[in-house]
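Trainee: So the chains spell out like this:
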Amino acid sequence: MDLYERENLQDFLVSLFGNQAQSWPMNEKVFNLTFELVAESTACSSAMDVVPRPLPYGANPFTWLKKQVRGAFIRRLNENKEQYVVCLRAAAVRMVRRFQMAAQGI
Amino acid sequence: MRKYQQLLLITLILLVIFTPFSFANDLILSDKLVLKYQTPKLITHTQNSLIIKYPDWWFAHEILDAQRMYPGIDLSDNLYNFINAIFDESFRSKLPENLVNLSIEQAQAFGVTPDNVTKKHINEASIISVYDEKQNRGDIYIFEERMIHHIDTSCTNSTFKSIIDSIKAR
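These protein sequence lines map, in sequence, to chains G and R. Following our numbering, the numbering of the first sequence begins with 1 at its first residue and continues without gaps. Following our numbering, the numbering of the second sequence begins with 107 at its first residue and continues without gaps.
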């Protein structure tokens, strides 16, 4: 991820998970969890409009998505974070531990 | 006598093989509760939670913070009713409307159904839990006088039940 993608992703995750996300490294694992969080939420489907689908079973979203698409996906999340935080907040409670583990490298 | 000893030995070996948990450690939850847990592969501490990780499953513990559970929402005046409302519709009438909707959202995210919620008591503490078979994960909330604990886990249903059984009075 380039600096711009990392900043956008971190801003979005801080909005969703609070200050704890300030210390999370923005890496492939964290991106893939974010992608999973959004993809599984039917209420937030508009964020997936920029993503070609279907994602092949077992594919790694980070490597499967072209860099431009990945950047557009993250940018859309961050630019509309007020909306996405509302539709993802319950799923975020369910997935927060996986984000924390990814951030800890485990 | 020799046959008796062999039988005893076989029984002990079978017990070791088929007992999913051997609880060797204490996680002190409060002055009144303890969680017995088996020796993990690793333990990590994050900003607000303790994660106990095994090769193929994990559980985590946190004390609920009413001001940090959701961004921009302060549950301080409603935390007890809100958590109960995730599992029990009758509590929703005690909440403001925005929290009613949120409790429904959270119930859906946890995979709550009429059949997968369990309740129990340990002295004054009450425990409510849900296990979602589809996601192989579960959530346990423990209500004590001064705090609410949240234990979430990714594990099999039998391990989930073992975790609940391993919460004991001190």
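Quick caveat, the hints were computed from the structure, so don't treat them as lab data. Among these hints, one or two may not hold up.
Taking lysine-lysine and the BS3-like style, the derived pairs with C-alpha atoms no more than 27 Å apart in a straight line are [unchecked claim]:
1) 274/R x 226/R
2) 147/R x 29/G
3) 159/R x 226/R
4) 147/R x 274/R
5) 29/G x 226/R
6) 142/R x 225/R
7) 29/G x 240/R
8) 226/R x 138/R
9) 138/R x 240/R
Trainee: Determine for every hint whether it applies to the structure shown.
Mentor: The hints, checked one at a time:
A threshold of 27 Å between alpha carbons decides the hint, and for residue 274/R with residue 226/R the separation of about 12 Å falls inside it, so the pair holds. At most 27 Å may separate the alpha-carbon atoms for a hinted pair to count; residue 147/R and residue 29/G meet this at roughly 21 Å. For the hint linking residue 159/R to residue 226/R, the alpha-carbon distance of about 25 Å falls within 27 Å, and the restraint holds. Using a Cα cut-off of 27 Å, the hinted pair residue 147/R and residue 274/R holds, with the two alpha carbons roughly 23 Å apart.
Proximity of residue 29/G to residue 226/R is assessed by CA-CA distance (about 37 Å); at most 27 Å being required, the pair is judged violated. Taking the CA atoms of residue 142/R and residue 225/R, the gap is about 19 Å. The hint holds against a cut of 27 Å. For a cut-off of 27 Å, the pair hint linking residue 29/G to residue 240/R stands: about 22 Å separates their Cα positions. Restraint check for residue 226/R and residue 138/R: satisfied, since their Cα atoms lie roughly 16 Å apart, inside the 27 Å limit.
Using a Cα cut-off of 27 Å, the hinted pair residue 138/R and residue 240/R is violated, with the two alpha carbons roughly 33 Å apart.
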